[in-house]
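**Student:** Now for the letters of each chain:
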Amino acid sequence: MHELSIVADLFTIIEEKASQAKASRVTKVRVLIGELSGVVPELFRSAFNSYKKGTIADRARLEIKITKVKFRCQSCGREIRTRDISAPDFSHSCPFCGSKEVELISGRDLYLEKLEIET
Amino acid sequence: MEKRKKEVLVIEDILGSNKKIASSIRQKLEEKGILAVNLLSSPGSGKTTLLEKIGLKLKDRYKVGVIEGDIETERDAERIRKVGLPAWQITTHGACHLEARMLARLFDQIPADLDFLFIENVGNLVCPASFDLGERLRFVLLSVPEGDDKPRKYPEAFITSHVFIITKADLLPHLPFDANRVTQEALEINPKLEIFRTSAWNGEGLDNLCAFLEKKLQELRAKNA
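Top line first, the protein sequences correspond to chains W and R. For the first sequence, our numbering gives the first residue as 7, with consecutive numbering after it. For the second sequence, our numbering gives the first residue as 4, with consecutive numbering after it.
For reference, chain W alone in the conformation it holds in the complex:
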């Protein structure tokens, strides 16, 4: 349950951006959660809802968009999308050319994408 510490960092960014934009209130927060970020969306949501009390985002709605795991093959350059990281045939190799030199290019990150504010 490390979601609460991540949410605490999220609120540092929210407060900073809201103050820069001279917001009186934050009404919506949209985050991108990578499938392989190690963050559980439901836990993130409940951490968000407890943390928001008494902040500028105390009535904000949280929108979560899950970003899919994507690899790029270093040999043939093709992009590899994985349907399910826990699928039994998931393998860290290129399905087109078989190379094992594949690099994770998306799916690990956590981003605050945008805010909706009232001024």
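What the hints contain is simulated information worked out from the structure, not anything from laboratory work. Backbone N, C-alpha and C fix where the C-beta goes; we use that ideal spot for every residue, glycine too. Don't take every hint at face value.
Derived DEER-like restraints, expressed as beta-carbon distance ranges [unchecked claim]:
hint	chain 1	residue 1	chain 2	residue 2	range
1	R	ASN183	W	LYS106	41 to 51 Å
2	W	ARG78	R	GLU197	18 to 28 Å
3	R	GLU34	W	THR125	38 to 48 Å
4	W	ARG78	R	GLY19	46 to 56 Å
5	R	VAL86	W	GLY60	44 to 54 Å
6	W	GLU109	R	VAL86	34 to 44 Å
7	W	THR18	R	GLU10	14 to 24 Å
8	W	GLU48	R	ALA225	43 to 53 Å
9	R	SER27	W	ALA14	18 to 28 Å
Covered, in the sense of this in silico footprint (three residues per stretch, anywhere, with C-beta under 8 Å from a C-beta of chain R), are these stretches of chain W [what the hints assert, rightly or not]:
hint	segment
10	11 to 23
11	36 to 44
12	48 to 62
Cβ-to-Cβ under 7 Å is the rule here; a few derived chain R residues that face chain W [claimed, not checked]:
hint	residue
13	ALA132
14	SER133
15	GLY208
Here the structure of chain W is known, so what remains is to put chain R in place on it, guided by the hints.
**Tutor:** Frame of chain W; chain R shown alone:
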């Protein structure tokens, strides 16, 4: 009065502040030629015991320090001090992982002439994987009694690590743990993993692991030269 609503595009990494502190720690450690290793595993898989054993092997030739992360108590740091190594305890008081800022707070206490700095994370195969601590190498440990089905169940720990260590290998004859299966599965998830099989009980694999650490230290020093 109607309040004006507007959208503010941000696109900022939520873990950005942790990553920034971690990068600065990494830079400082590497400039000093200190090889930092972050150890991840479930509780009880043998992180502290492994550190006691390799610490004893390395300490005559190298300066070794250990940061111990635990939810409560100084017990692990005391164990490490008993084998003659300096140890610093971080108690997180409930947090299930270490973060870079916790390390930054005790950074001034770390001697600049260390060769190896081991950071034993809080026992947990999930949460610590998300937090860069500024280490150069990340080790994930899995002990034989935990079972051979773990790499796919905890993919992030295996994907973000450089080294996978099977611990308590002396128990292999007694338990239904298929070391080949677990090795293959770990490599399917992360083909770049270096894999070691160790037993702190009978000493298997410890010299290999120490030789690997020495090689990595030389690589770091060569980069600095």
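**Student:** Honestly, which of those hints from before does the structure not fit?
**Tutor:** 1, 4, 12 and 15
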